[in-house]
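Go by the hints and put chain B onto chain A.
Protein chains: 2
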Amino acid sequence: MSLLVTGSIAIDSVKSPYGQANDVLGGSAVYFSFAASLFTPVRLVGVVGEDFPQAFRDILIDRGLDLTGLETRTGSRTFRWRGSYTGDMNEATTLETRLNVLGEAGPKIPDAFADSRFVFLANTHPTLQRDLLGQLHGPELVVCDTMNLWINTERDSLIKTFGLVDGVVVNDTEARALTGQMNLVLAGRVILGWGPRFVVIKKGEHGVMLVTDESIVALPAYPTTEVRDPTGAGDSFAGGMMGYLARQGNCSEAHLRSALARGTVCASFAIEGFSLEGIRSVRPADVEVRLATYRRIVHFE
Amino acid sequence: MSLLVTGSIAIDSVKSPYGQANDVLGGSAVYFSFAASLFTPVRLVGVVGEDFPQAFRDILIDRGLDLTGLETRTGSRTFRWRGSYTGDMNEATTLETRLNVLGEAGPKIPDAFADSRFVFLANTHPTLQRDLLGQLHGPELVVCDTMNLWINTERDSLIKTFGLVDGVVVNDTEARALTGQMNLVLAGRVILGWGPRFVVIKKGEHGVMLVTDESIVALPAYPTTEVRDPTGAGDSFAGGMMGYLARQGNCSEAHLRSALARGTVCASFAIEGFSLEGIRSVRPADVEVRLATYRRIVHFE
Chain A
24 MSLLVTGSIA IDSVKSPYGQ ANDVLGGSAV YFSFAASLFT PVRLVGVVGE
74 DFPQAFRDIL IDRGLDLTGL ETRTGSRTFR WRGSYTGDMN EATTLETRLN
124 VLGEAGPKIP DAFADSRFVF LANTHPTLQR DLLGQLHGPE LVVCDTMNLW
174 INTERDSLIK TFGLVDGVVV NDTEARALTG QMNLVLAGRV ILGWGPRFVV
224 IKKGEHGVML VTDESIVALP AYPTTEVRDP TGAGDSFAGG MMGYLARQGN
274 CSEAHLRSAL ARGTVCASFA IEGFSLEGIR SVRPADVEVR LATYRRIVHF
324 E
Chain B
24 MSLLVTGSIA IDSVKSPYGQ ANDVLGGSAV YFSFAASLFT PVRLVGVVGE
74 DFPQAFRDIL IDRGLDLTGL ETRTGSRTFR WRGSYTGDMN EATTLETRLN
124 VLGEAGPKIP DAFADSRFVF LANTHPTLQR DLLGQLHGPE LVVCDTMNLW
174 INTERDSLIK TFGLVDGVVV NDTEARALTG QMNLVLAGRV ILGWGPRFVV
224 IKKGEHGVML VTDESIVALP AYPTTEVRDP TGAGDSFAGG MMGYLARQGN
274 CSEAHLRSAL ARGTVCASFA IEGFSLEGIR SVRPADVEVR LATYRRIVHF
324 E
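Protein sequences appear in the order of chains A and B. Quick note: the first sequence uses my numbering, first residue 24, plus one each step. Quick note: the second sequence uses my numbering, first residue 24, plus one each step.
Hints are not guaranteed to be accurate.
When chains are identical, the list treats them as one kind, so a pair holds in a single copy or across two.
Cut-off 20 Å, straight-line C-alpha distance, at most; resulting in silico cross-link-like pairs (SDA-like, lysine to any residue) [what the hints assert, rightly or not]:
#1 Lys38 with Gln204
#2 Lys38 with Asn206
#3 Lys183 with Leu151
#4 Lys183 with Thr248
If you're looking for bench data, these hints aren't it; they were derived computationally from the structure. Source: prediction; values computed, not measured.
One chain only, chain A, in its complex shape (with noise of 0.2 Å):
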């Protein structure tokens, strides 16, 4: 099934203590990109300034990624983010944001994603959120992501926004910031009632959590001993869980746990590198190895 995604593309700068990368290709369409195209086409929405690198342009082109949707505004610069990770890295530090691009009108989606089944609406204001969902025919699976920003200035355009998608995905500070609540399941549940079928709640290091109506499911982390720039982990879960969805073309609580699973492997590649070397080389072989690893790390009697 088509699968899009709108979200950020990005010139990030990312300091680590195991490196650092400058001017890299970034940004949460991108990484979620990578990871889902591991499963199935996707369709990339999003909008650069005129600044964006050919070389960064030829990456996406060479994933095969459908870029119909990509827009170089004239007059623009892309989005840049400076970050740092230290200590158990959990965490980035930003150190500087530009918006440039993010901050003008958003993108347009083109008539030909119009009919795209399976989307993912990566963190952006809420209210654009909303505007860009307005512009498909009724797709089958919406899930959505957010950040503090939106859970601190927009709140109440938030929970609208969640309460037209299918599922959301955050992290469990913003799980906790959201709602009031500090254990991850009463706080899946308080987003629950404004209307998503499913939340999925991210915990970096420490895995991932599925709240529905009918069940809870807890996932470890894959742990990996390789992690140099954990950027974009949490897009390239996300990519890993709706790129496996969009190719069963079903989202049935069974196939919802097995989506989690593949995107905790997505994520595990994506940290290992910086920017998208750690999942740039990944082939979808790669991804059956390390969930069988996956599966013995989690396996017990």
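Only chain B this time, still in chain A's reference frame:
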């Protein structure tokens, strides 16, 4: 197989967002014993003071614990701990510790217990842990716990103890402090280098990790919504783990995996009530029911 535990027996006062309990029965050896006795008979070794209430002794007797190794020391007072939990309740704030009898000479292992096959040395001075170990006749499996105090003040002695045991149980903060490694798999491997065959790293609400030379196991915590008092969660985990291993009479990797799951379930019961309320009313059949739920929680195709 016979299971022996040495550790603290305490009078606790605990406050959490869900209430408080003053002067209640606690201590590492007590929580451990209550969980372990769901699987196998338990030999308890520890020291209390003259002030130890008969009502508390009756609770231990009612549980069917073998109290041959419980010394009531004349002229001494029982160890007391007062603490509180806030926020995500993942870590206690210690408000007061009165070592009392724990600051004096350690307990002795009764001759009748010297043949114990499975042994858990709960947190105490690492020199005392080795002294206790020396009183046993070639046990089959020895696992020890520790705490930040000994990591900071008795690191060399602690590493010496680790060289004499089969398994080490520590929490994530301790593993990092002890090894200087932020990555928990790498931290586990540093500890393996000191001698033990396996390391179990407890991550509180985030579950548990097992590191051996051959493999890594990661399991999430049981996602309960009923967290009232996390005191004793780690000790209940260890009790469930060791109780299961002793019952099976086997500590192969497959059995260790199964034991981690039993420990996880025991910990989830322990935190549902203050003091021993959570675990005390649990029957072996309740463990099986929750274990079946836990299997569904971590299941994916």
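Going through the hints against the structure:
When the C-alpha separation of Lys38 and Gln204 is checked against a cutoff of 20 Å, the pair qualifies only between copies, where the shortest distance is 19 Å, while the shortest distance within a copy is 33 Å. Taking CA atoms no more than 20 Å apart as the test, Lys38 paired with Asn206 passes between copies only; the shortest distance there is 17 Å, against 32 Å inside one copy. With identical chains, the CA atoms of Lys183 and Leu151 are at most 20 Å apart within one copy only, with a shortest distance of 12 Å there and 60 Å across copies. When the C-alpha separation of Lys183 and Thr248 is checked against a cutoff of 20 Å, the pair qualifies neither within a copy, at 40 Å, nor between copies, at 26 Å.
The structure is inconsistent with hint 4 alone, although it conforms to all the rest.
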